[in-house]
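Protein chains in written order, with our numbering: chain P, 1 to 113; chain V, 114 to 224.
If you're looking for bench data, these hints aren't it; they were derived computationally from the structure.
Some hints here could point you the wrong way.
Under the rule of at most 27 Å between Cα atoms (straight-line distance), these lysine-lysine pairs were calculated in the DSSO-like manner [as the list claims (entries may be wrong)]:
| no. | chain 1 | residue 1 | chain 2 | residue 2 |
| --- | --- | --- | --- | --- |
| 1 | P | Lys83 | V | Lys154 |
| 2 | P | Lys11 | V | Lys154 |
| 3 | P | Lys44 | V | Lys154 |
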Amino acid sequence: EAGVAQSPRYKIIEKRQSVAFWCNPISGHATLYWYQQILGQGPKLLIQFQNNGVVDDSQLPKDRFSAERLKGVDSTLKIQPAKLEDSAVYLCASGSLRFSGAFFGQGTRLTVV
Amino acid sequence: ELKVEQNPLFLSMQEGKNYTIYCNYSTTSDRLYWYRQDPGKSLESLFVLLSNGAVKQEGRLMASLDTKARLSTLHITAAVHDLSATYFCAVDKSYGQNFVFGPGTRLSVLP
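Could you build the full structure based on these sequences and the hints that come with them?
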């Protein structure tokens with residue numbers, strides 16, 4: 001079974017630029033998550049999708065972050081404009097409805113300079 | 114608001130020793146997950162605990178859940194160097210697989 005795919009793996013941008021990350025979840029998984037993990041901390045949920053719909057985006061900074069899930073499969077997370085404090089690893093994860101937890105991709109390491 | 118705490122945050126132990134990592138959470142939940150993260154890598158699922166009293170074991174690691182105490186433990190038996198990693202617990206806050214992660218316990222097993 002293929003895992004969660006993310007791209008790019010690394011990205012360096014200047015502050016105020018925009019950036020987008022892509023995620024392809026495990027086939028058949030209805031739930032998709034985007035987490036932000038700052039160095040030395042636990043992952044923080046940014047947004048959770050159930051199929052096409054948003055379940056929780058309470059911690060998503062909506063003035064600069066946006067996310068969509070295309071046809072209930074792939075997802076993109078965008079930051080515009082980026083700030084220095086957005087430097088982190090952005091993890092995509094997916095899950096089924098069987099309470100098996102979330103399965104994580106390799107993440108995208110974003111550095112904002 | 115659900116808060117998840119872990120202790121210790123840093124743990125250095127010798128090979129062959131036993132130790133326990135604790136995960137406390139602030140509101141009712143009966144679903145808890147443990148993950149492992151190696152440096153520069155993503156998170157790997159270790160255990161899924163879905164009810165009070167649940168106990169799971171894999172190799173030198175054993176996890177348990179006490180929902181009444183809002184406490185989960187991850188016990189390490191006869192540690193080996195390969196167990197060096199950061200361990201996270203995550204609690205399902207709304208029965209919708211909406212996870213809140215703890216800060217992590219960075220484990221270093223020394224020869």
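These are the hints, each one checked on the structure:
1. P:Lys83 / V:Lys154: holds (24 Å)
2. P:Lys11 / V:Lys154: holds (16 Å)
3. P:Lys44 / V:Lys154: holds (16 Å)
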